[in-house]
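According to this note's numbering, the sequence shown is numbered sequentially starting from 108.
These aren't lab readings, by the way, just hints derived from the structure by calculation. Any given hint might turn out to be false.
Listed below are the simulated EDC-like cross-link pairs for lysine to aspartate or glutamate, each with C-alpha atoms no more than 20 Å apart in a straight line [to be verified]:
#1 Lys133 x Asp177
#2 Lys133 x Asp194
#3 Lys163 x Asp205
#4 Lys117 x Asp141
#5 Lys188 x Asp141
#6 Lys163 x Asp141
#7 Lys117 x Asp168
#8 Lys221 x Asp205
#9 Lys179 x Asp194
#10 Lys236 x Asp194
#11 Lys221 x Asp194
#12 Lys221 x Asp177
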Amino acid sequence: MNGEIITNFKGHQDAVNSAVFSPDGKTILTASADHTIKLWDLNGNLIRTFGGGREKGHMFDVNSAVFSPDGKTILSASSDKTARLWDLNGRLILVMRDNNAAVNSAVFSPDGTKILTAFSNGTARVWLKPEAIYEWLQTAKIYQLSPGDRKVFGLEHSDPR
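Could you build the full structure based on these sequences and the hints that come with them?
This is the structure we're talking about:
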């Protein structure tokens, strides 16, 4: 390395707030104040834009975006008080919302089963990814306590972790 610039990534309409390599090192992910996340090849060619639309995208600055450890999903954090999970095709999988504070950053646990978010109000939260919730529910036992009342039920689970 000699400190020479080898590639420029141009395409955002506002400040780039974060940039990361994919786990395999073959792509780059950028997050911007223009409300979008962009996926690039190493030559600076745009592969895909995530968000930027009122239906599924962030409504304010995207403060960070990262790849999952397996490189199959993307996690973004925004000043719109949400963290969003995307697949690599740009499909929105999950929105994690906090009505009180902007999400400054969001990262995956090393095993990819949990998400850690940091908020502007001095708090941080750990969330289970949808797949982890599904796996947890598959091992849970659900009991109906009162046959005549559909609202009453029980749940038993033993977490092997």
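Hint-by-hint comparison with the structure:
| no. | hint | verdict |
| --- | --- | --- |
| 1 | Lys133 x Asp177 | holds (13 Å) |
| 2 | Lys133 x Asp194 | holds (17 Å) |
| 3 | Lys163 x Asp205 | holds (16 Å) |
| 4 | Lys117 x Asp141 | holds (13 Å) |
| 5 | Lys188 x Asp141 | holds (16 Å) |
| 6 | Lys163 x Asp141 | holds (15 Å) |
| 7 | Lys117 x Asp168 | holds (17 Å) |
| 8 | Lys221 x Asp205 | holds (17 Å) |
| 9 | Lys179 x Asp194 | holds (6 Å) |
| 10 | Lys236 x Asp194 | holds (13 Å) |
| 11 | Lys221 x Asp194 | holds (16 Å) |
| 12 | Lys221 x Asp177 | holds (13 Å) |
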